[in-house]
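**Q** This is what each chain is made of:
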Amino acid sequence: MAVRGKVLIVEDDRAICNFMRRVLEANGYEAVLVYTGREANSMLASHCPDIVILDLGLPDMDGMEVLAGLRRWSLMPVVVVSARTDEREKVRALDAGADDYITKPFGTSELLARIRTAIRHTRTTNGNVGIAKDNRFTARGLVIDYDKYRVYIDGRDANLTQNEFKLVALLGRYAGRVLTYDYLIREIWGPNKAYDNQILRVNMANIRRKIEENPAEPKYIFTEVGVGYRMIEGD
Amino acid sequence: MRGLMRRIGSALNLVREMMIPRKQGMRQITRNMGLTLLILGAASIVCSLMNTVSSSDSAVPMVFVLAVLLTARLTDGYFYSLFATAASVVAVNYVFTFPYFEFNFSLTGYPLTFVTMFAVSVVVGMLTEQVKRQSRIEVEVEKEKMKANLLRSVSHDLRTPLTSIIGSTAAVLENYDILSDDVKRDLIGQVRDDAQWLVRLVENILSITRIKEGAVQIRKNKEAVEEIIAEVLSKFRNLNPDTVVHIHMPDELMLVPMDAMLIEQVLMNMLENAVLHAEGMTEINLKVECAEGNAVFTVADDGKGIDETILPALFTDMFAHAEKMSGDGRRSMGIGLSACASVIRAHGGEMHAENRPEGGACVSFTLPMMEVTENGSQR
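Going line by line, the protein sequences match chains A and B. Going by this note's numbering, the first sequence opens with residue 118, and the numbers climb by one from there. Going by this note's numbering, the second sequence opens with residue 176, and the numbers climb by one from there.
Rather than coming from a laboratory, the hints here were simulated on the basis of the structure. Glycine included, each C-beta is placed from N, C-alpha and C at the ideal position. Treat the hints with care, as some may be off.
Unchecked claim - Here are the computed lysine-lysine pairs in the BS3-like style, where the Cα-Cα straight-line distance is at most 25 Å:
hint	chain 1	residue 1	chain 2	residue 2
1	B	Lys397	A	Lys336
2	B	Lys462	A	Lys327
3	B	Lys410	A	Lys336
4	B	Lys410	A	Lys221
5	B	Lys397	A	Lys283
To be verified - What follows is a set of in silico ranges between Cβ atoms, one per label pair, in the way DEER data are often shown:
hint	chain 1	residue 1	chain 2	residue 2	range
6	A	Gly224	B	Leu486	33 to 39 Å
7	A	Asn309	B	Glu317	47 to 53 Å
8	B	Gly455	A	Glu227	31 to 37 Å
Stated by the list, open to error - In silico contact screen, one side only, chain A against chain B (beta carbon under 10 Å); selected entries:
hint	residue
9	Gly214
10	Pro222
11	Gln279
12	Arg318
13	Val319
14	Met321
15	Ala322
16	Arg325
17	Arg326
18	Pro332
19	Ala333
20	Glu334
21	Phe339
22	Glu341
23	Gly343
24	Tyr346
Put together the whole structure using the sequences plus the hints.
**A** Right under this line is the structure:
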């Protein structure tokens, strides 16, 4: 099997490192392990991995420092691993430039999906192969047509308003990745609306009623409660 | 005489420094001061009325002794009652007794009246403090008891899945060549299930400790109910793919102030209890509705229902039934439900459990739709 990419794992717990290494190697990735923030800093520069899996709770420094240091010189994808179920920690990491996060305890399929998504987003300029090719995003019955500014569900026009389309379009561009509330609000309504989550909630509720069959069991746009929204990965 | 006043003044200063409970909020000071002035005012009015009715002043000191007693009982610390004493001395001597608007301490019995007032204020204040301290101690003891119960119940709940994990892994490792692949897969699957159970247990413990000592550390945000339900449902379906769950929800968007993570956990616990305890259950109904300014969440199943003997104390007597149920191993739900109930109480809502007349259990909770800004509910 061809090597799919080099993954740098920064994690101080040997058992978790071991399990991640096995899973990644079994799936065709090359895994490099480091256990401290200082090691991470030197390995990042010398190895230039395709993706970094970064644990936030390191013995010698906060994982956020490693992230901040890396972001000064590189845009390589970073998936943050956090044991804290604190949403604000995740939001902080995402806003500091992490591409995605995964919460302990996690399953192998979740880990692989996050890695796949994060790597793909750096390889295609537009974030998504479908969008790059014909300016369309397709996931199951959902089609976002970026030329016509239209969203179709099973072939029918979903009749989204302008802002609703902007939201869906943005989530589609970063399909598979979680976008924080603040990021979405800034992108759609500008910087002055920051921290007014309600306008975003109401718009999302309207979108859900237009594109989802059952708002309580969404198929396309998922909520990461306390963090943001995530569009299903494209076909 | 001026010496006496000065002495009372310096005593007051000393007392103020020593006896006003530290960190008294502005609100509390206003409340205490208001109460003191109110009582003294009432006493003055009563005395003026008596003065107009009869010419005798003999009841005046008694009225003020009563005022001092009330002040000492109703306010915090000694300062206010001593202040009331001083004010009463002035009022009794200067205003309400002959000679009016003149100090005269030479009349017989007056020093005694003042000493009585002083003693009343100090003694009652002391008793009040003692009662308060006593009740604080009782609360502490109750908390310690809860902690001990929690620990006991936790260590019991931890031991069972851990034993199973160690047993299963040892079985695979030590008999690797003998066991068939199917058996090994089964044992490893068992380990994963047990580990997932442990994760949920730990999450419940964490949320209990977050809501500790009545000082609630929840962060409320307006959340869309459908988003919460969707996330709970997807997590639940991952763990229990075969369980049928029906959702009933109003069509319009409901925004309810809540700590999303904790409420998700409560709903998850309620759904899992139905799976674990409702024998014979075929479907779960999760309903959300809006009633009297509350969002009402209900989880109903069609299983065997909740044992009538533990039903009355399901949320209040947190651990008694957990021990009663420890017969069937890890299936105790003591921590789960008590965690749920404390989360809901911290939100200003209520939790109920009952058996449905048509069979099966029904657990519900309410969340106020309006932002409650009572003390401590928000941080």
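**Q** For each hint, tell me whether it holds in the structure or not.
**A** Against the structure, the hints:
no.	hint	verdict
1	Lys397/B with Lys336/A	23 Å, holds
2	Lys462/B with Lys327/A	22 Å, holds
3	Lys410/B with Lys336/A	14 Å, holds
4	Lys410/B with Lys221/A	14 Å, holds
5	Lys397/B with Lys283/A	23 Å, holds
6	Gly224/A with Leu486/B: 33 to 39 Å	37 Å, holds
7	Asn309/A with Glu317/B: 47 to 53 Å	50 Å, holds
8	Gly455/B with Glu227/A: 31 to 37 Å	34 Å, holds
9	Gly214	24 Å, violated
10	Pro222	6 Å, holds
11	Gln279	20 Å, violated
12	Arg318	5 Å, holds
13	Val319	6 Å, holds
14	Met321	7 Å, holds
15	Ala322	4 Å, holds
16	Arg325	7 Å, holds
17	Arg326	8 Å, holds
18	Pro332	5 Å, holds
19	Ala333	5 Å, holds
20	Glu334	6 Å, holds
21	Phe339	7 Å, holds
22	Glu341	8 Å, holds
23	Gly343	5 Å, holds
24	Tyr346	9 Å, holds
Hint compliance for this structure: hints 9, 11 are not met, and every other hint is.
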